[in-house]
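Novice: The lines below spell out each chain.
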Amino acid sequence: MRATWDRTRKLTTGVAAGAFLILGLSGLPADAQPGVVAGPKDALTLVRQALAALEVAPPAVSVATGKVIQALLAKDTAGVDMVRVQEAAQALGQQDSATAVARLIAALHPVRARPGGVDVALLMPVEPRFAGTPTSYALLAGAALLVTVGGLIIRR
Amino acid sequence: MRSSFRWQRVWAAVDARLVLHNFLYEVPAYANTLPYVLGAVTLAGLVILVVTGVFLGQFYAPDPSAANVSVRIIMTQVIGGEVIRGIHVWAAHLTVVVLLLHLMRVYVTGAYRFPREANWAVGVGLLGTLLAFFFTGTVLRWDQGAIEALAHNVAFARLLGVFGGWFSPAFSSHVPLLTRLYMAHVSLLPLVLFILLSAHLYLVRQHGFSPPLAHLETTQARYTFAHHLKRAAGYGCIMLGLALALAVIFPPGQGPAPVSGIEVTKPPWLFLPAYGLETLLGLAGLWGAVVVFLWLLAVPVLDRGGGPGWMGRRRALTVGAAVAVAAIALGVYAWLSSPVAHLH
Chain A
0 MRATWDRTRK LTTGVAAGAF LILGLSGLPA DAQPGVVAGP KDALTLVRQA
50 LAALEVAPPA VSVATGKVIQ ALLAKDTAGV DMVRVQEAAQ ALGQQDSATA
100 VARLIAALHP VRARPGGVDV ALLMPVEPRF AGTPTSYALL AGAALLVTVG
150 GLIIRR
Chain B
0 MRSSFRWQRV WAAVDARLVL HNFLYEVPAY ANTLPYVLGA VTLAGLVILV
50 VTGVFLGQFY APDPSAANVS VRIIMTQVIG GEVIRGIHVW AAHLTVVVLL
100 LHLMRVYVTG AYRFPREANW AVGVGLLGTL LAFFFTGTVL RWDQGAIEAL
150 AHNVAFARLL GVFGGWFSPA FSSHVPLLTR LYMAHVSLLP LVLFILLSAH
200 LYLVRQHGFS PPLAHLETTQ ARYTFAHHLK RAAGYGCIML GLALALAVIF
250 PPGQGPAPVS GIEVTKPPWL FLPAYGLETL LGLAGLWGAV VVFLWLLAVP
300 VLDRGGGPGW MGRRRALTVG AAVAVAAIAL GVYAWLSSPV AHLH
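The listed protein sequences derive, respectively, from chains A and B. Just so you know, the first sequence maps onto residues 0 to 155 in numbering that gives the first Met the number 0. Just so you know, the second sequence maps onto residues 0 to 343 in numbering that gives the first Met the number 0.
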């Protein structure tokens, strides 16, 4: 029973890994094809590209997966914590893009840590929302006043 | 009574020096209706954009290493920065909408016909200038969408061959293209805008308002151009109010610092039709936008003869409607589809 369970688990893992690889390879850019100009080879750029792909709405998971696989295969891994990249790859395999983003950001050495590092604060989007503060309501009142004054000018 | 007399003296003194009474020329009543005020409302939108843009220019750093963070500083540390930026962004969208409505009104009423062909060409030039403003403004955000727009800029410059020289990084290799596009946004394009706008207003003054399609005014009350400007100011107030409300309720965000060599975003709504065409035909699809502009310039030549009414202009109206439907369809297609890598 236990042997069957292990075999099933291995098979599932194998299928998942295969699917992940196929998905990842399908996300490889055209420049990976022979005869086409090569893309970046360093893991730092590739990880940043993967991040960029995941931070759009909806996240471009297949593109990000391709970039993460390329990063894992990269020879130049300066400035990148490759263990975190592996964790990001596992998260992507489970279609968990939020965790993958967190792992990829953690994989990049912050700018203060070493020269050539990445300012991690700039890798996160700024998404302001309606504040609902007295100032914002005062501004809305100002907007209503402008519309009213405009209407009065047109009517006169 | 005394106050009124004082104002009259002030007006006379100012008018004697600035000859402002030249702006009090008579305009027909229909010129003060919304469809005929849209051009002036566009001008009001441009005033809002210039004022807010001058403010933003004080805090924006047009360098690839600092641009993204400077936008963040505007949003989080500059007093009023987030609201002013929001007004700038939303006013840009509203101004383009009003301009497109103005273009449609002029097209539908056939106002480009003799003797206004030159002014139509100037108007098409103004449309192109505003689109260039919008494009360069998109790049200035310096997020992922911006760098992808810039990559398209460079790729299309290559497509243009010798005519695309200015738009390529090689033109001035020691100055980042972002810096040069910033220069275009705050200096070159405003200059072009000023020249074209002056020509546009001059020609409107010389030829007068184009006749309406539905009726010819006969016994309606007559107004001066000052009334027209007053109306435009009223609509301008409303536009500013709307932009302010939108800036507060839906403040524009800022994306992460960009990385090149990847295409995962789509352009703003205005460029979606061109993006859709690019998805269908590849980068060469961008020639479609050039073709549309050439067609717009040729409209007065293509639509000659026939009566001034709807029936006399059936062909022009059909072609115009077909172009509009195609643009909307391409835009919707691009909006619904996933981002496509056109360059990489």
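Don't read these hints as lab results, they were simulated from the structure. Source: prediction; values computed, not measured. Heads up, the beta-carbon is just placed ideally off N, CA and C, and yes, glycines get one too. Incorrect hints may appear among the rest.
[Unchecked claim] Sample of chain B residues at the chain A side, in silico, Cβ under 7 Å:
{"hint": "1", "residue": "Ala-65"}
{"hint": "2", "residue": "Ser-69"}
{"hint": "3", "residue": "Leu-139"}
{"hint": "4", "residue": "Ala-225"}
{"hint": "5", "residue": "Leu-228"}
{"hint": "6", "residue": "Arg-230"}
{"hint": "7", "residue": "Cys-236"}
{"hint": "8", "residue": "Val-247"}
{"hint": "9", "residue": "Gln-253"}
{"hint": "10", "residue": "Pro-255"}
{"hint": "11", "residue": "Ala-256"}
{"hint": "12", "residue": "Arg-303"}
{"hint": "13", "residue": "Gly-305"}
[What the hints assert, rightly or not] Far from chain A, some chain B residues (derived; all Cβ distances over 10 Å):
{"hint": "14", "residue": "Ile-194"}
{"hint": "15", "residue": "Ile-237"}
{"hint": "16", "residue": "Gly-240"}
{"hint": "17", "residue": "Gly-252"}
{"hint": "18", "residue": "Trp-334"}
Novice: None of the hints should be skipped; say for each whether it holds.
Specialist: Hints, verified against the model:
{"no.": "1", "hint": "Ala-65", "verdict": "violated, 11 Å"}
{"no.": "2", "hint": "Ser-69", "verdict": "violated, 11 Å"}
{"no.": "3", "hint": "Leu-139", "verdict": "violated, 15 Å"}
{"no.": "4", "hint": "Ala-225", "verdict": "violated, 12 Å"}
{"no.": "5", "hint": "Leu-228", "verdict": "violated, 11 Å"}
{"no.": "6", "hint": "Arg-230", "verdict": "holds, 6 Å"}
{"no.": "7", "hint": "Cys-236", "verdict": "holds, 3 Å"}
{"no.": "8", "hint": "Val-247", "verdict": "holds, 5 Å"}
{"no.": "9", "hint": "Gln-253", "verdict": "holds, 4 Å"}
{"no.": "10", "hint": "Pro-255", "verdict": "holds, 5 Å"}
{"no.": "11", "hint": "Ala-256", "verdict": "holds, 4 Å"}
{"no.": "12", "hint": "Arg-303", "verdict": "violated, 37 Å"}
{"no.": "13", "hint": "Gly-305", "verdict": "violated, 35 Å"}
{"no.": "14", "hint": "Ile-194", "verdict": "holds, 29 Å"}
{"no.": "15", "hint": "Ile-237", "verdict": "violated, 4 Å"}
{"no.": "16", "hint": "Gly-240", "verdict": "violated, 3 Å"}
{"no.": "17", "hint": "Gly-252", "verdict": "violated, 4 Å"}
{"no.": "18", "hint": "Trp-334", "verdict": "holds, 13 Å"}
Hint check: violations occur at hints 1, 2, 3, 4, 5, 12, 13, 15, 16, 17; the rest are consistent with the structure.
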